[in-house]
Amino acid sequence: MTADAFIFWFLSLVAVMSGLSVVMMANPIYSALSLAMTMVSLAALFATMGAYFIAGVQVIVYAGAVMVLFVIVLMLFDLREETKAFTRGQISGAIKLAMVGFLAGLVVFVLTQGVKLMAAPDVVDAAKLPEDSSKALGLILFNRHVFGFEALGVLLLVVAVGTVALARSKGGTHAKQ
Amino acid sequence: MPSSEIVNQIGLSHYLVLSAVLFMMGFLGVLLRRNVLVMMMCIELMLNAVNLAFIAFSKFSGRIDGQIMVFFVMTIAAAEAAVGLAIIVSIFKRFREVNIRFFEHLKG
Numbered sequence: 506m507t508a509d510a511f512i513f514w515f516l517s518l519v520a521v522m523s524g525l526s527v528v529m530m531a532n533p534i535y536s537a538l539s540l541a542m543t544m545v546s547l548a549a550l551f552a553t554m555g556a557y558f559i560a561g562v563q564v565i566v567y568a569g570a571v572m573v574l575f576v577i578v579l580m581l582f583d584l585r586e587e588t589k590a591f592t593r594g595q596i597s598g599a600i601k602l603a604m605v606g607f608l609a610g611l612v613v614f615v616l617t618q619g620v621k622l623m624a625a626p627d628v629v630d631a632a633k634l635p636e637d638s639s640k641a642l643g644l645i646l647f648n649r650h651v652f653g654f655e656a657l658g659v660l661l662l663v664v665a666v667g668t669v670a671l672a673r674s675k676g677g678t679h680a681k682q
Numbered sequence: 024m025p026s027s028e029i030v031n032q033i034g035l036s037h038y039l040v041l042s043a044v045l046f047m048m049g050f051l052g053v054l055l056r057r058n059v060l061v062m063m064m065c066i067e068l069m070l071n072a073v074n075l076a077f078i079a080f081s082k083f084s085g086r087i088d089g090q091i092m093v094f095f096v097m098t099i100a101a102a103e104a105a106v107g108l109a110i111i112v113s114i115f116k117r118f119r120e121v122n123i124r125f126f127e128h129l130k131g
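Going down the list, the sequences are from chains A and B.
So our numbering is basically just the index in the first sequence, starting at one, shifted up by 505.
So our numbering is basically just the index in the second sequence, starting at one, shifted up by 23.
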């Protein structure tokens with residue numbers, strides 16, 4: 506087994522196991538930590554595919570900021586071990602599992618079609634990704650996609666104001682009972 | 024021997040299948056869990072799976088636009104987490120519980 510293949514299998518095993526434990530753990534804190542593990546392993550996968558900037562952003566934004574937000578909110582809540590962590594009802598649970606299986610089949614079908622599309626010769630012969638993909642990413646972000654970038658800035662401003670407004674209503678986290 | 028080729032030659036389909044598996048886990052979590060926080064974590068898991076597919080397509084087609092899309096998805100996911108957690112906090116203040124069965128009557 507080559508080193509690249511070993512790294513891929515190892516990282517995907519870590520991602521799948523920790524992703525499964527996000528769903529299966531009854532304690533939400535363990536779910537949050539497993540999700541952080543998944544995100545770190547996905548960041549490593551991004552790095553193996555040459556997307557170094559995205560890998561760094563993944564670690565900083567997802568495994569850093571978003572997960573810290575989740576854990577802080579969890580700590581606000583003082584949750585005991587949940588007794589009803591999963592849905593009741595075996596019939597509805599079975600229907601949900603069947604739906605997931607159906608969607609999985611659909612996704613695999615679409616993926617195989619996509620792989621066939623990617624095997625078309627003109628796509629494969631397209632220019633390879635540059636070595637310094639971060640520089641190319643910055644150039645294309647501030648040239649071709651600059652309007653989307655500005656729209657994201659406006660969105661973040663709106664979200665910041667809206668979050669503060671939501672959290673401050675009726676005394677914030679120190680509301681009286 | 025085809026199996027050793029599957030193990031050794033990591034191609035686009037490997038990444039896409041991993042992405043599909045992670046997406047299905049997130050989907051299953053959203054359907055089966057009752058804790059709203061864990062449901063939001065599973066949504067983040069699904070977004071990450073989609074990001075993986077974007078990066079894989081970007082690499083194997085040689086175009087960098089997929090990475091731009093991942094950048095946008097990450098920003099919107101962070102915004103969504105912030106707003107969702109604020110809503111969850113305000114719901115927790117009202118019901119002292121984050122189980123989804125308390126959100127069935129969303130009256131003022």
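The hints are simulated quantities; they were obtained by calculation from the structure and are not laboratory data.
A portion of the hints provided could be inaccurate.
Stated by the list, open to error - Looking from chain A toward chain B, a few residues come up when the C-beta cut is under 10 Å (computed): (1) 537; (2) 650; (3) 661.
Unchecked claim - Computed Cβ-Cβ distance ranges for the label pairs, DEER-style: (4) A:576 <-> B:31: 38 to 44 Å; (5) A:645 <-> B:119: 32 to 38 Å; (6) A:510 <-> B:117: 48 to 54 Å.
Think of the CB as a built atom: it goes at the ideal place given N, C-alpha and C, for glycine as much as any other residue.
Worksheet item: Which hint numbers doesn't this structure obey?
Response: When the structure is compared with the hints, only number 5 turns out to be violated.
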